[in-house]
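**Student:** Place chain Z on chain A using the hints.
Number of protein chains: 2
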Amino acid sequence: MTVELICVGTELLLGNIVNTNAAYLAEKCAGLGLSCYFQTVVGDNAERLSMVLKTAMERSDIVILSGGLGPTEDDLTKEVAAEVCGRELVMHEPSRLCILEFFEKRGTVPTENNWKQAMVPVDAIVLENRNGTAPGVIIETEQARVILLPGPPNELYPLFEESVEPYLRALTPQVICSQTVKICGLGESRVETMVKDLIDAQTNPTIATYAKTGEVHIRVTAAAEDAKAAGRLIKPTVKELKARFGNDIYTTEEETTLEKAVADLLVANDLSLTCAESCTGGLLSGRIINVPGVSEVYKSGYVTYSNKAKRRLLGVKKSTLQKHGAVSGQVAEEMARGAALAAKADVSVAVTGIAGPDGGTEEKPVGLVYIACCVKGKTTVKGYQFSGNRSKIRESAVSAALSLMRGCILEYFSKVTFGKKD
Amino acid sequence: MTVELICVGTELLLGNIVNTNAAYLAEKCAGLGLSCYFQTVVGDNAERLSMVLKTAMERSDIVILSGGLGPTEDDLTKEVAAEVCGRELVMHEPSRLCILEFFEKRGTVPTENNWKQAMVPVDAIVLENRNGTAPGVIIETEQARVILLPGPPNELYPLFEESVEPYLRALTPQVICSQTVKICGLGESRVETMVKDLIDAQTNPTIATYAKTGEVHIRVTAAAEDAKAAGRLIKPTVKELKARFGNDIYTTEEETTLEKAVADLLVANDLSLTCAESCTGGLLSGRIINVPGVSEVYKSGYVTYSNKAKRRLLGVKKSTLQKHGAVSGQVAEEMARGAALAAKADVSVAVTGIAGPDGGTEEKPVGLVYIACCVKGKTTVKGYQFSGNRSKIRESAVSAALSLMRGCILEYFSKVTFGKKD
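Those sequence lines, one after another, are chains A and Z.
Residue 0 is where the first sequence starts when you use numbering that gives the first Met the number 0, and the numbers rise one by one after that.
Residue 0 is where the second sequence starts when you use numbering that gives the first Met the number 0, and the numbers rise one by one after that.
Excised from the complex, chain A in its bound form (with noise of 0.2 Å):
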């Protein structure tokens, strides 16, 4: 079954916002297992939205509408639906009653306009909007079933997740499950060569490999009559991919992050943590405190962008710094055993690099980054070369040093036997 996504704004024809709407819609249709084959944007014309939602019944099973369904007269999503499915619009007293009761409970009155949001195609399903005053609606046609969905994410995403989801899902005959698997501290063509044989010989499930900042993550699909039949499916490929990327996997749920991976790890061995950062100044804390419930581990960091900060608050020697530079293995491996004295913590880790885009050499250019993790007094450091504009530089190393910190403490509790190179 084929699917076509439509999202209608003049914002994103100007390139005012990015069109996050159609991401998020392409990959649950994708879960779905619903065949995307076009995407299109069209502002809020008439004539023009017309013209996309003809060519996109003509060619698609399911076409999907995001935006212009607000009470302005410049959105006529609803109005141009209806007409180029030969429904009239009608007054939807649900909708009506939610639109009153929306506005009663902030206190205010609706305007006129706001009465438009409660007219709906004739015989058409009317999905309620819990955050806004847009109900969603479903016309089904002999050609296609055309689903209109607000613009604003914070009413799309529980919409389509409570109403849309099971509505598709009950369409297609079989069931579609994933599962990824995210590895970090690896390349992503080391990855999709280690893995380039069952890509060659997929079929269901399916695998496919996408590369994020310092990860990999390797997405395993299946379909099958039932989610436990799809499961009995996934399950022998994710054990291989265990087999072959052992523990530089570092989750294999939808939900957890890098950071939140190293977070758990911390908490179920009782372990505390502090950062010291020079170049990436605050980022690395930044990312692990974005972590809920973090406080349990994390209780002090350093950001020492300056050498005098780098000896004052965690005892960088004054000889090191001369003798190595700031940019040294040897000056990471002070700032982390010394925030560690000096936070009492555990796990330290710290990072010293050359963001750029000034301050390079040709012995140590922009990109350049030493990271250094120190566990109970073991200390490990690593030196790396990233390339890009300051910010992607930072953001690889902030990656990186929680790939280290996940290593070097895995290392520790010989739970695994880690070194492997990349």
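Don't read these hints as lab results, they were simulated from the structure.
Since this is a predicted model, take the numbers as computed values, not measurements.
No false leads were mixed into what you were given.
In the DSBU-like style, the derived pairs of lysine-lysine whose C-alpha atoms are separated by at most 30 Å in a straight line are:
{"id": "1", "chain 1": "Z", "residue 1": "LYS363", "chain 2": "Z", "residue 2": "LYS322"}
{"id": "2", "chain 1": "Z", "residue 1": "LYS211", "chain 2": "A", "residue 2": "LYS27"}
{"id": "3", "chain 1": "A", "residue 1": "LYS53", "chain 2": "A", "residue 2": "LYS27"}
{"id": "4", "chain 1": "Z", "residue 1": "LYS104", "chain 2": "A", "residue 2": "LYS195"}
The following residues of chain Z were derived to be distant from chain A, with all beta-carbon distances above 12 Å:
{"id": "5", "residue": "VAL125"}
{"id": "6", "residue": "MET193"}
{"id": "7", "residue": "ASP196"}
{"id": "8", "residue": "LEU197"}
{"id": "9", "residue": "GLN201"}
{"id": "10", "residue": "ILE233"}
{"id": "11", "residue": "GLU252"}
{"id": "12", "residue": "SER318"}
{"id": "13", "residue": "LEU320"}
{"id": "14", "residue": "GLY324"}
{"id": "15", "residue": "TYR383"}
One-sided and incomplete, this derived list gives chain Z residues near chain A with beta-carbon spacing under 7 Å:
{"id": "16", "residue": "LEU12"}
{"id": "17", "residue": "SER284"}
{"id": "18", "residue": "VAL302"}
{"id": "19", "residue": "TYR304"}
{"id": "20", "residue": "SER305"}
Even for Gly, the Cβ is constructed at its ideal location relative to N, Cα and C.
**Tutor:** Here is chain Z on its own, set in the frame of chain A:
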């Protein structure tokens, strides 16, 4: 003149990546005064890509395609475009040499596939790609101008700016210039209300507002026979905006970010800075340190996530923590004062709040954040109630902290009458 975008890539159709290229190209084209009515995403499939390209060439003057210029068999954008335009592909010697040089620099050799990238349609304009092996291509046909660009942003952006932008600028009879007025510390609806009369009355220049986290940007765009004339059209509107928003405008320069504006203010006044962060946990420092050259004023910072760290590193009183709780104006104030003392900094900023999803109470709900800024001993404290998820609340707090810092520094120097309520 109309332009249409076609982004080619299966990863876009699957929702694995967000289509930032479309937003980039759309914004650039709008800035050039080109009208964009359609954007399409299609996969690496000859038949469907051909269909989409033909439709685009029929209805638009310029068609820009990005993606699908890689060396693999899957990449077929150039082959399809050449066929649709009725042109043969021939070896382009300069591109062949560029590819050779590209690999030599990296100490590797091209694969057989790579030579495919040096093939270009007969009579095409070839655009050198300094960051990759796929050159850009412009095919001028009677129906439309078709521009092929590589997909990776680090290749697409410089190629567009160096070669495509001048090409497109030469096509348009009028010059389009714009200036962005960036405002911090005021909400979107407040800003919109304050410029509604200008927007309603707009012709040339046009005015549009864009909401960002903690900021609102107003873009003033004019069309004229040359840049000087466009500048003359823009000037009175920018002047009017300056009169209306005063010091809430932090810059009128395109490339200046809020953190850059704050860093510039510190450097210009020779003020050193430190940050003490609880719920933002390093993100504020991380954002400030993304400004190149900020090392002149930013030496060290503190991530004090636990109460103990707030006491140990910043000297926050136990009694203050007990009496008011960690998330309070009083603790924020002591954090800021303590950080300034510890780091011997002229300016300090402290953030403490509840980022959620847990930890909220009726009295102190999730999203409550206190920010204190101390400039040479004078401390200002403000409370905020942000909404959204953990990540959004933390980002909002970082932006608010930057706005507050800016306000406090300006106030200290009495360069302005600060203290507008929002």
